[in-house]
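There are 2 protein chains.
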Amino acid sequence: MLKILDQIMSPKSIAIIGASTKTDTIGGIILKNIIEYKYTGKLYPINPKADQISGLKAYKSILDVPGDVDLAIIVIPRDAVFTAIDQCNEKDIKGICVISAGFKEIGKEGAELEQKLLEKVRSYGMRMVGPNCFGVINTADDIRLDASFAETLPVKGKTAFVSQSGALGAAILNLLEDLKIGFSQFFSIGNAADIKTETMLEYWKDEPNTEQILLYMEAISNPQEFAKLAKEISKKKPIVAIKSGRSAAGASAASSHTGSLAGADIAADALLKQSGVIRVTSVNEMFEVAQAFENCPVPKGKRVAILTNSGGPGIMATDAVCESGLEIAPIKESTKEYMRSYLSSAASVKNPIDMIASAPLDHYEKTIEALIADENVDAIMVICVPFLGINPMQVAQATMKIKDAHPEKPIISIMMAEGSFYREINKIETNIPFYQYPETGVNALSKLFAQYEWTQRPEGKEPSYSVNKAKAMGIISNALKEGRSQLTTLESIDILEAYGIRTCKYAFAANVEDAVKEANKIDYPVVMKITSTKISHKTEIGGVIVGINSEEQLRNEYKALLDRLKSKGLEDALDGVIIQEMVKGNREMVCGVATDPQYGHLMMFGLGGIFVETFKDVAFRVNPVTDIDVKEMVQSVKAYKLLQGARGEIPANIEQVEETILRLSQLVKDFSFIKELDINPLKISDKTGEGIAVDGRIEVNFEQAKQALGCCQISSGSR
Amino acid sequence: MLKILDQIMSPKSIAIIGASTKTDTIGGIILKNIIEYKYTGKLYPINPKADQISGLKAYKSILDVPGDVDLAIIVIPRDAVFTAIDQCNEKDIKGICVISAGFKEIGKEGAELEQKLLEKVRSYGMRMVGPNCFGVINTADDIRLDASFAETLPVKGKTAFVSQSGALGAAILNLLEDLKIGFSQFFSIGNAADIKTETMLEYWKDEPNTEQILLYMEAISNPQEFAKLAKEISKKKPIVAIKSGRSAAGASAASSHTGSLAGADIAADALLKQSGVIRVTSVNEMFEVAQAFENCPVPKGKRVAILTNSGGPGIMATDAVCESGLEIAPIKESTKEYMRSYLSSAASVKNPIDMIASAPLDHYEKTIEALIADENVDAIMVICVPFLGINPMQVAQATMKIKDAHPEKPIISIMMAEGSFYREINKIETNIPFYQYPETGVNALSKLFAQYEWTQRPEGKEPSYSVNKAKAMGIISNALKEGRSQLTTLESIDILEAYGIRTCKYAFAANVEDAVKEANKIDYPVVMKITSTKISHKTEIGGVIVGINSEEQLRNEYKALLDRLKSKGLEDALDGVIIQEMVKGNREMVCGVATDPQYGHLMMFGLGGIFVETFKDVAFRVNPVTDIDVKEMVQSVKAYKLLQGARGEIPANIEQVEETILRLSQLVKDFSFIKELDINPLKISDKTGEGIAVDGRIEVNFEQAKQALGCCQISSGSR
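Respectively, the protein sequence lines represent chains A and B. If you're matching positions, the first sequence starts at 10 in our numbering and goes up one per residue. If you're matching positions, the second sequence starts at 10 in our numbering and goes up one per residue.
So here's chain A without its partners, still in its complex pose (with noise of 0.2 Å):
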């Protein structure tokens, strides 16, 4: 199928059903658009009206165009697309590109009208682009197609982008030529009814012009499938991302915007950290980023120096080099003292390195090379305040130069300098990035670093644990047969327990010589619980009791209880006790896992008990996970130090914690249709360090689950 996608994106002839003479109208401009762009293939303008459009000859009908045609572009009004379908199955067109709007975007009547374009498109075996977009683009020289409505003309380069707003596009392609990036395609997939960004970044995978990929998206319309390709495609190629709609107000705008599922903030976050894609939040962060891609390798450390001919940005550049994560590179001796033997003696050779303001050309040429050559040094910023004579294109020729003969570490120019030195940089063929002031480099840098840490980050494996499967099944069977979708505490316990997660022991005795033997076996200090279908406020009657230390305590307190409940006359309301283990520990943590309607299973760990809702230190990950996501994803909770032990207490087993998220992980694999389910507290024993599930709620879908279990030989329950 990718194949006729290299019809789409390379055509050797192109029809435009709709052309225009009109340059306001889409299919004008489109028509424009294409011709100054000096397009190499064959162009077959089709308009009933016209023998000729712009000085080419003009067809009544796709069908009287004489020779093949590999992309139909379709700029007519939405009622007579499916008609010009029909025509182009009958010319044996297999590329589509739909811009006519009208479909999905307007509401319920456009998307069935969309469904049945689509199910017409795949019944002739064809690929389409949009409805409803704004076209596509690829500048290599041999094909040269802007089949876009854009205002200005592209630019040439290696990044690919692909835009799910339209106008987005248009935005970004008049900003290109002060971008200072280039494209290689652009691709606008509408309401990408079929080829979607994932197909693109299939596509673009092997594609040989394209060194990055671009993406916005309001919403992912495959997660799995995204998270696969993008997993694979970014060890090799970045691929940065704006994934728009994170706020509450913001979705709800994409929503009604795009016709589609979109939201889920929290779930596209950790799904794009899982797959390796850069997240940017805005249109210029993302061509920063871009830029010091295009031209910088990835650095092999975070190892910042910063060197200045003005002590105020240098020390602007050094904030932002802390704040976001990356480090200050300490200079070794011997280059501090070669740079002594010729920068000026009010200079600083301390990183930031200060050169001063009356530091020539030649401090600059010398200083640079030397931090190349210093292993201290992963990545060098050059900041230059143009004054005093310093000529800013001199200092920007002089980098490159340098940059040129030592491609092995990334440099980036801070040129603080009027617009004019910027109009003139991008007319040039460049191997630096330039940017105007500090903050933005650094937080560009950081991100080349990001990159090098996913390059080098091991695949992970998704460990499968011998697990009592039958069992978990049986008790959900039985809760299902009762009409119940939301498990007890007891059963929830149980599940985990079934799966191999440590749960804080307990044991029902009927009496208090049963009650005693199951405390000796669990050992103390233990709770006591009363069991009763009688009694519902089970603490009132001082029903919970805490803190039994020996078995002397306990026959006291059973006593003690009975006493309470004869004094009610409520003798006969017990059913017996619940004996479990008391755990020690003031480290709660919260697990579990949310349905994301869209992306499934999301697992969460974070801090637990009173603070959930006030800290919501909680990090999530797209299921299924790997060791190395979840090792990621605890170690990203600020908790994580009380894990380690900040204060004092012994540190936490955090591989068996670890475990605990992956058992849960294979839990929701085996039973998909579990619905939520909290481990809250998984309480931090201050014995062991070992994680223990001390309360636990599973709630699962119930038509889902009936489903799912209806189809299988369900063993009795176990409990």
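There is no bait here: all hints are sound.
Where chains are identical, the list cannot tell them apart; a pair therefore holds if satisfied intra-copy or between any two copies.
Heads up, simulated DSBU-like pairs for lysine-lysine below, C-alpha to C-alpha not over 30 Å straight-line:
#1 K543 to K480
#2 K117 to K341
#3 K625 to K282
#4 K359 to K117
#5 K625 to K696
#6 K640 to K480
#7 K593 to K577
Hints listed in this document are in silico derivations from the structure and should not be mistaken for laboratory results.
Given chain A, put chain B in place with the hints provided.
Positioned in the frame of chain A, the structure of chain B alone reads:
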């Protein structure tokens, strides 16, 4: 003394001591800039080796100048500066600007020379800019002074800027043409030996051409003075500031750069907040924000209407609005109805208002006017992607025309157009700010709103409570007599109590009967702790018993304690016990006072217990604090939700918690030598909601305390 500043900023005559014909020297560039910017006063180049410079008569010495001189600009080698100052005095010149470097910034020797220079200048009744500065600029038509060595001439405007980094000033002047903002005055303070940022704040307070003030600071030389001035001025003229040296490494670079005490970002950040200064972190952000202040009234609320011809940027703007703390305005039904009457049926009239790509110019006009009339809208953001024939300059002109007629609401334009539009717009007079990206505009709007909130903020009071100062003094004196700067927990608690802070009740008891008596007074539950000079590890021998609920239990525990001691042969070691109130409550806060060597006492409040270090959920303010400062401080921590009872606990008595901080503030005002004070935890009682100091720790500066109390009549210790 401010009169002399008039002579410096608006001189009728200038002498340049060290003027040069060479345009690659500072003396040459300054002269060139003064001439090229068409200075309106008299100009006297001073150079012993020239008769004429740049067509002006040159003088061998300042003493040869025939007329009066308001301002002498000194650009000669450091060691010649002193004689020049003497001569200036002879000539009765009061305004001095020392460009020459080689003073404090180069180390100890330079600092000593700078001190001498300052003394000389002061003894002559002069005021001095610099040394080691970049010069001054005044763009007023009747002055036209550009006494800087920037590469480009200044742009006139309503903004005054003081820069602590000369080179940064140079960079900004380079960028000014693109920044779409102009200066009323520019002032490079250099080493700020005499004239400091604070001086300029005061000077600009009533300067008629200045409507807003920008600051670049690496250190705040006089925090108390700065706060006092900024607080007053910022209500009339917005103050936007970069304070660099935020990171430890940045602070260290700032320190070596400016030779001044820097760092302490926590204190600086607090001070700026308390003073109504709008803090930004980069030069571009500073100018983006300054553009908004130059062109917009402050909004009366935070409800933003977003108007766009392009969905994607509208969604991104919505995300940014929500994330910045602003709100998406709920458009009135009647406004929506009106918009529906002319907008395309595919348009969305729900905020963000998406007029869709085909919207013509008059849709912009009508909709902006409708949003101005809608009282649910406080600010308007107009996003335009120029395509399909819409002309950005026409949209800009139309928007500005409406703004002219309706200046009451802030309107900002997001024009996603190529650089040529910006070059054009920068040439004409504008009344709205233009940004290329939605996020930038939203950030600027959020700062406008912050300014509105600041102007509405009540002044606040520093309440004075009736306290037992003598008792506190006595306790401290006793400790000093014993040679201790660290007070014991009991001493600390007693001092807090003397200042009316709710502390955990406790009492000493020498025997079991006393213990019972005290426990009955305090009320159960209580904690019992042994006091013994011989036993250091009290917990090891079970010397701390918590949760004693009754007299009977107290007697039993006391006996058990004696038995334990006896069994170890320690029965004689018991001096008695402390009976302490047991405060029940899960919410543990921390509050206290730290001392910054430059900013003085910092009040602190936040989440305490085991989370202090991990979550750093603490807020700081520089003392003295008002009741409003404290209220904001308490509300700014995330744990505020816990205080409100987010988890179903009773709400904390927040007024009492605030009063606790205010009383601490009074305590450290009374005893300025207190170095550190910690209440950790300040436990929120589940019974009363009060914050109760369960543990306290006070440390004084021994020498300062001795000096302060030595001169006082010390009452005898009251415990």
